[in-house]
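Enquirer: Given next are the chains, with one letter for each unit.
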Amino acid sequence: MNYKLTIGWLFPELMSTYGDRGNIICIQKRCEWRGINIEILKLDLGLKIDDLRSCDFLFMGGAQDLQQKIVSEDLRKKREILKEMIEDNVPGLYICGAYQLLGKYYKEADGTIIEGLGILDLYTENPGENSKRLIGNIVIESGIMNHELRQNTLVGFENHGGRTYLGKNIRLLGKVIKGFGNNGEDKTEGAIYKNSFGSYLHGPILPKNPHFADYLISLSLKEKYKKSVPLSPLDDSLEWAAHKAIAKRLGISI
Amino acid sequence: MGNIFIIYLGKLLVYSSRLLNLGQGSTWPGHLALNLNKNFIKDIVNQNPNLKIILIAGTNGKTTTGKLIQTILEKNGEKVFQNEAGANLTNGIASSLLLHSNILSTIHYNYAIFEVDEATLPLVLNEISPDYLILLNLFRDQLDRYGEVNMVAEKWRRSLEKLTKKTRLILNADDPQIAFLGLSQGGASIPPLRWIAKRWKDNTFFFGLDNKKLITSSSQHASDSTYCPNCSSKLHYDSIYFSHLGDWKCNNCGLKRPKLDISEYSYYPLSGIYNRYNTLAAVLLAKRLGIQQKRINSALHEFKPAFGRQEILRVKNKNIQIFLSKNPTSFNESLRTISDLKAQNLLFVLNDRIPDGTDTSWIWDVDFEDFVYQFKYIIISGDRALDLGLRLKYCGKPIIHDSQLIIQEDLKNSILFGLNKTLKSETLYILPTYSAMLEVRKILTGKKIL
Chain X
-8 MNYKLTIGWL
2 FPELMSTYGD
12 RGNIICIQKR
22 CEWRGINIEI
32 LKLDLGLKID
42 DLRSCDFLFM
52 GGAQDLQQKI
62 VSEDLRKKRE
72 ILKEMIEDNV
82 PGLYICGAYQ
92 LLGKYYKEAD
102 GTIIEGLGIL
112 DLYTENPGEN
122 SKRLIGNIVI
132 ESGIMNHELR
142 QNTLVGFENH
152 GGRTYLGKNI
162 RLLGKVIKGF
172 GNNGEDKTEG
182 AIYKNSFGSY
192 LHGPILPKNP
202 HFADYLISLS
212 LKEKYKKSVP
222 LSPLDDSLEW
232 AAHKAIAKRL
242 GISI
Chain F
2 MGNIFIIYLG
12 KLLVYSSRLL
22 NLGQGSTWPG
32 HLALNLNKNF
42 IKDIVNQNPN
52 LKIILIAGTN
62 GKTTTGKLIQ
72 TILEKNGEKV
82 FQNEAGANLT
92 NGIASSLLLH
102 SNILSTIHYN
112 YAIFEVDEAT
122 LPLVLNEISP
132 DYLILLNLFR
142 DQLDRYGEVN
152 MVAEKWRRSL
162 EKLTKKTRLI
172 LNADDPQIAF
182 LGLSQGGASI
192 PPLRWIAKRW
202 KDNTFFFGLD
212 NKKLITSSSQ
222 HASDSTYCPN
232 CSSKLHYDSI
242 YFSHLGDWKC
252 NNCGLKRPKL
262 DISEYSYYPL
272 SGIYNRYNTL
282 AAVLLAKRLG
292 IQQKRINSAL
302 HEFKPAFGRQ
312 EILRVKNKNI
322 QIFLSKNPTS
332 FNESLRTISD
342 LKAQNLLFVL
352 NDRIPDGTDT
362 SWIWDVDFED
372 FVYQFKYIII
382 SGDRALDLGL
392 RLKYCGKPII
402 HDSQLIIQED
412 LKNSILFGLN
422 KTLKSETLYI
432 LPTYSAMLEV
442 RKILTGKKIL
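Chains X and F, in that order, give the protein sequences. -8 is the number of the first residue of the first sequence in this note's numbering; add one for each residue after it. 2 is the number of the first residue of the second sequence in this note's numbering; add one for each residue after it.
Calculated from the structure, these hints are not laboratory results. Warning: the hint list may mix true and false statements.
As the list claims (entries may be wrong) - In silico PhoX-like pairs for lysine-lysine, Cα to Cα no more than 20 Å straight-line:
{"hint": "1", "chain 1": "X", "residue 1": "Lys33", "chain 2": "F", "residue 2": "Lys235"}
{"hint": "2", "chain 1": "F", "residue 1": "Lys250", "chain 2": "F", "residue 2": "Lys235"}
{"hint": "3", "chain 1": "X", "residue 1": "Lys33", "chain 2": "X", "residue 2": "Lys68"}
{"hint": "4", "chain 1": "X", "residue 1": "Lys68", "chain 2": "F", "residue 2": "Lys235"}
{"hint": "5", "chain 1": "F", "residue 1": "Lys213", "chain 2": "F", "residue 2": "Lys250"}
{"hint": "6", "chain 1": "X", "residue 1": "Lys215", "chain 2": "X", "residue 2": "Lys185"}
{"hint": "7", "chain 1": "F", "residue 1": "Lys295", "chain 2": "F", "residue 2": "Lys80"}
{"hint": "8", "chain 1": "F", "residue 1": "Lys213", "chain 2": "F", "residue 2": "Lys260"}
{"hint": "9", "chain 1": "F", "residue 1": "Lys53", "chain 2": "F", "residue 2": "Lys43"}
{"hint": "10", "chain 1": "X", "residue 1": "Lys60", "chain 2": "F", "residue 2": "Lys235"}
{"hint": "11", "chain 1": "F", "residue 1": "Lys156", "chain 2": "X", "residue 2": "Lys123"}
{"hint": "12", "chain 1": "X", "residue 1": "Lys185", "chain 2": "X", "residue 2": "Lys159"}
{"hint": "13", "chain 1": "F", "residue 1": "Lys422", "chain 2": "F", "residue 2": "Lys377"}
{"hint": "14", "chain 1": "F", "residue 1": "Lys413", "chain 2": "F", "residue 2": "Lys319"}
{"hint": "15", "chain 1": "X", "residue 1": "Lys39", "chain 2": "F", "residue 2": "Lys235"}
Source: prediction; values computed, not measured.
Using the sequences plus the hints, can you model the full thing?
Expert: Okay, structure coming up:
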């Protein structure tokens, strides 16, 4: 059987400051190398609702504050559809600014409150101009992968001023082993709600975490075809060498 | 504390440091001076009212533009000094002033050229009202250190407002954020098109390109300022030269690229479109200073690149050319330039130390896909060689397993390997990040290793 996935890349022009398009490239190649057909839909300002609805997987990256404001105004008009898709288990990965945007609100350094899309039970606050940005390499341990995947660590690079706090109706993506995570206090990193994943990890996150990339591909195939589709193995020795090199730098042996 | 004492102490320490081979003193004497007298820069500049000061800021091209200007000015018989390349924080500028003044704080030079780090420009403008301020461009670079492009532009805008009439601005019209700094000066920023107050109109000059042959066919991913700096609408481009540089206009508020004071010159000493911009900036300044065309021309023909900026070295009877490649835009333009030069053998060196930026995510914003298959060998080295190897693996066809792509984490071995692969008639092109460039040069010029 020929499988096909449609990837919706939300705001590739505006929300793509930190190399996050590497996640799209990663998913695309790992599908192509296995003979899974891939279509990438670039969903920019004024995106068509039908295009959005046709996606089997959604991705949105981080951006500068100005760009983020433009996006949040545009996305507000499509909030209901996005919420419906997320509630309907459409898999998605939301990094940094995108992750914050799905929450209830973002409180800026000067105290201004920007309303979020309110789809995920979380909120983000910037503690003020004098507080430090949370910057550096990070390793987390992720609960989801204990069952599904061989390796349970995720590595990446975080760079954010906002501190995110999770509500009751949402799970964490992982526990911080080294780094700051959601807020630098409670050792949580990222969030999981149904099949949607939020995280502060750049790097970008997927190329050095091939198990997570494949997990997202599997989820998307499963949701679309309503059955488990086995993924043929790839030679990931370079991916794992890069993964381990980050962990080793932070004094963690994997 | 008196500046006489500071200068005396600084010079004495630099002299001893050089004698003991402990370093040239491009930053720490300035650090010391500023610690002893926080107004050191202002004091020295005020005591030398005849010294003309040229400041150069921008993400890419500061060092090359500074060297171009220095070469032209010297050809015109001027006495010129410049801060050391890379020593572009306040301590580097203070060091440079200290080393070029005598014990009585007198500077016997006509011109000082200072390249200034993006984050440092506002601090320097608090101390110095330069005669000329050249702003080249703003691209995403070291987001862990500088923050985002819009934030930098906003800080620059605020500090430019404090400048006096004395300062003349030389701005890149093709970069919307930079052009807007000139267009929005003089108080009013609204309504559009009534911006240029008379005072600023006479003091602001624009360079840019108007050459249809140079237009890029594909839009590059790493474009930062494709939205109107005034009203945030999407900008329309009649032509794009690279990244977000081009002939832009806003169909919503009417803001558009200002009229160019220079767009072409008869000779460009270095390859690459980015070096056209650097050359045009330098020539525009030279023309404003009334320097004769033939002097400008002969200076450009004699120009030798700054270290690591297309610098050519000859090692083991083979040519090596180094293209500093430190952010998505500079990497893209290096690739485009060496591809035009028919490059065959490449060495990429990716480090993630403080001068490089500790986040290497940006390599995924470089458009490697457009170029990698033209080269015979690609060797990868540096602290983050594995990350760069992964980036290239994901270009598409699995090139990782054939002999075309080689990951060699040890830098010295990677250079030796590259030289072995390079034929006598060919050139080994090295594209390093900043700290990697310094390391590469140390290995190549340190003789003892090769």
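Enquirer: Now, for every hint given, state plainly whether the structure supports it.
Expert: Hints versus structure:
1. X:Lys33 with F:Lys235: holds (16 Å)
2. F:Lys250 with F:Lys235: The given pair, whose Cα atoms are some 9 Å apart, holds under the 20 Å limit.
3. X:Lys33 with X:Lys68: holds (18 Å)
4. X:Lys68 with F:Lys235: holds (19 Å)
5. F:Lys213 with F:Lys250: Holds: Lys213 (chain F) and Lys250 (chain F) sit about 17 Å apart, inside 20 Å.
6. X:Lys215 with X:Lys185: holds (15 Å)
7. F:Lys295 with F:Lys80: holds (19 Å)
8. F:Lys213 with F:Lys260: Holds. Lys213 (chain F) to Lys260 (chain F) sits at ~17 Å (cutoff 20 Å).
9. F:Lys53 with F:Lys43: Status holds; Cα separation ~14 Å.
10. X:Lys60 with F:Lys235: With a Cα-Cα distance of about 14 Å, the restraint between Lys60 (chain X) and Lys235 (chain F) holds, given a limit of 20 Å.
11. F:Lys156 with X:Lys123: Since the Cα atoms of Lys156 (chain F) and Lys123 (chain X) sit roughly 18 Å apart, the hinted pair holds (cutoff 20 Å).
12. X:Lys185 with X:Lys159: Cα-Cα ~14 Å, so holds.
13. F:Lys422 with F:Lys377: holds (9 Å)
14. F:Lys413 with F:Lys319: Since the Cα atoms of Lys413 (chain F) and Lys319 (chain F) sit roughly 16 Å apart, the hinted pair holds (cutoff 20 Å).
15. X:Lys39 with F:Lys235: holds (18 Å)
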